[in-house]
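**Q** The listed protein sequences correspond, in order, to chains A and B.
For what it's worth, this note's numbering labels the leading residue of the first sequence as 32, then goes sequentially.
For what it's worth, this note's numbering labels the leading residue of the second sequence as 32, then goes sequentially.
Since the hints were made in silico from the structure, they are not lab data.
These numbers come from a predicted model, not from an experiment.
One or more of the hints may lead you astray.
Copies of one chain are not kept apart here, so a pair can be met inside one copy or by any two copies together.
With a Cα cut of at most 20 Å, we get these calculated DMTMM-like pairs of lysine to aspartate or glutamate [said to hold, decoys possible]:
1. Lys159 to Glu103
2. Lys295 to Glu158
3. Lys159 to Asp178
4. Lys198 to Asp46
5. Lys128 to Glu103
6. Lys159 to Glu145
7. Lys128 to Asp178
8. Lys159 to Glu267
9. Lys150 to Asp209
10. Lys128 to Glu99
11. Lys71 to Glu99
12. Lys49 to Glu90
13. Lys71 to Glu280
14. Lys284 to Asp215
15. Lys104 to Glu162
16. Lys159 to Glu100
17. Lys147 to Asp178
18. Lys295 to Asp209
19. Lys284 to Glu267
20. Lys104 to Glu158
21. Lys88 to Asp58
22. Lys219 to Glu286
23. Lys159 to Glu179
2 protein chains.
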Amino acid sequence: MIILKLGGSVITRKDATKPTLNPVNLDRIAQEIARANIGKLIIIHGAGSFGHLHARKYEIGSPINSTEELQEKKIGFTLTQNSVKILNHFVCHYLLKYQIPAVAVPPSSFITTENKRIKSANLEIVEKYLEMGLVPVLHGDVVLDTDESIQMAVVSGDQLVNYLSEKLKPERIILSSDVDGIYDRDPKTHSQAQLLEVVNSLEDLKFLEGARTVDVTGGMAGKLAELLELADKGIESEIINADCEGLLESALKGEKVRGTIIRK
Amino acid sequence: MIILKLGGSVITRKDATKPTLNPVNLDRIAQEIARANIGKLIIIHGAGSFGHLHARKYEIGSPINSTEELQEKKIGFTLTQNSVKILNHFVCHYLLKYQIPAVAVPPSSFITTENKRIKSANLEIVEKYLEMGLVPVLHGDVVLDTDESIQMAVVSGDQLVNYLSEKLKPERIILSSDVDGIYDRDPKTHSQAQLLEVVNSLEDLKFLEGARTVDVTGGMAGKLAELLELADKGIESEIINADCEGLLESALKGEKVRGTIIRK
Numbered sequence: 032m033i034i035l036k037l038g039g040s041v042i043t044r045k046d047a048t049k050p051t052l053n054p055v056n057l058d059r060i061a062q063e064i065a066r067a068n069i070g071k072l073i074i075i076h077g078a079g080s081f082g083h084l085h086a087r088k089y090e091i092g093s094p095i096n097s098t099e100e101l102q103e104k105k106i107g108f109t110l111t112q113n114s115v116k117i118l119n120h121f122v123c124h125y126l127l128k129y130q131i132p133a134v135a136v137p138p139s140s141f142i143t144t145e146n147k148r149i150k151s152a153n154l155e156i157v158e159k160y161l162e163m164g165l166v167p168v169l170h171g172d173v174v175l176d177t178d179e180s181i182q183m184a185v186v187s188g189d190q191l192v193n194y195l196s197e198k199l200k201p202e203r204i205i206l207s208s209d210v211d212g213i214y215d216r217d218p219k220t221h222s223q224a225q226l227l228e229v230v231n232s233l234e235d236l237k238f239l240e241g242a243r244t245v246d247v248t249g250g251m252a253g254k255l256a257e258l259l260e261l262a263d264k265g266i267e268s269e270i271i272n273a274d275c276e277g278l279l280e281s282a283l284k285g286e287k288v289r290g291t292i293i294r295k
Numbered sequence: 032m033i034i035l036k037l038g039g040s041v042i043t044r045k046d047a048t049k050p051t052l053n054p055v056n057l058d059r060i061a062q063e064i065a066r067a068n069i070g071k072l073i074i075i076h077g078a079g080s081f082g083h084l085h086a087r088k089y090e091i092g093s094p095i096n097s098t099e100e101l102q103e104k105k106i107g108f109t110l111t112q113n114s115v116k117i118l119n120h121f122v123c124h125y126l127l128k129y130q131i132p133a134v135a136v137p138p139s140s141f142i143t144t145e146n147k148r149i150k151s152a153n154l155e156i157v158e159k160y161l162e163m164g165l166v167p168v169l170h171g172d173v174v175l176d177t178d179e180s181i182q183m184a185v186v187s188g189d190q191l192v193n194y195l196s197e198k199l200k201p202e203r204i205i206l207s208s209d210v211d212g213i214y215d216r217d218p219k220t221h222s223q224a225q226l227l228e229v230v231n232s233l234e235d236l237k238f239l240e241g242a243r244t245v246d247v248t249g250g251m252a253g254k255l256a257e258l259l260e261l262a263d264k265g266i267e268s269e270i271i272n273a274d275c276e277g278l279l280e281s282a283l284k285g286e287k288v289r290g291t292i293i294r295k
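Work the whole structure out from these sequences, hints included.
**A** Printed below as a string of structure tokens:
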């Protein structure tokens, strides 16, 4: 079984001022996944501009100081959920277009967090879909949090990768992004930035700015933290660039491609 | 707490040849629900033309006779789920437009059936959303079935009303449809058909054709069977016509309106 993350930056216009799909990428990526023809596959997609805009505006996950703030955040929660749902509809639509039997399992309907971290989730239905040969599709979402001070939280696609990988022990974990992988410095500001083939710890980065692209879910630094936690448990993962045509297909087929492997 | 069913015939064009919303009804109904200002509310909507077309074409829930049929049904399952999801997005969109904090909890992510009937479902998240003052929105959906011969099933909004009402003991159960209630005969073919104010059993119907409008989920006869099962357990429900402006609002507010009450 492979767990594949589709980054929000690849399938949406992440810096758009309103939720905006990247249908060209999504169509191509769905074709690449179909051609790779993976037996058992779980897809987790980010929320991109469909989630971050709302989640940031309403500061889902930050402490609630008044009844008014709670009311506001509840509205933000529901708006975010409904926005991410339509992104998920499009993702599934493109997967179905190429005969990938995608079935959505939204985190907000079966996961709760404790201080922003998934404590437990019943993965029985995800496993049943997998057994049937269907492709469960999860995504970055808003969920209820047991911490009274925040009550609601954002669960990133990367945290889902972490949680599901530990529980379901996939053979491989592939995270697709709009960059080639992890650099030792921020490639956008340092021309000498080097792509790291393997990362074992945060110390491999000369500056943490190498993973700077910050979003509500922590950007590349957040992603790396999730993957290093997995690496600590002996679980290896890889980051590749899904903006480059054919790379995802090659990676899914097990070919060696440009990217970063995260392992201990 | 009130459980409100929005019939697929009210919020979609049920006899359309492709999934078609009824945005005018949906907008008005959302306003009526908002004005009724119910403290605790669960909304369950039918799938209408967003679900039935696919479910019927692929005969979800009928016995599977070959590997090819299984493959076909899987595709049908995923297409149905993704289609119903977009209807749910629209329903939530209109509810949110009028500040009803709707949060979707799709059955396919937490319910499985045994020979087409819900055996068990973890309602914890639904209850948590309710406690927080959010409005859980469930809907007719496709789900996995433990019966090896069918593997997949359709769960109608009416079956969800039955199941959730028994488990969560709402004060009231209101089912909105595009007809006034249950008639003793089919009002479309019998000009003398009488609306029944109260129905205690199927015998109240002169002919079962009085509940004839058949769809994949059993139409009015299927609805009545679900509600009579509830009545047998001492749980009363009422059917009203949401096509009539203001009727749903009045019913939600507890006013006496034209319709049919189902009780023992």
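**Q** Output the indices of the hints that this structure fails to meet, ascending.
**A** Hints 2, 4, 7, 8, 9, 14, 18, 21 and 22 contradicted; others consistent.
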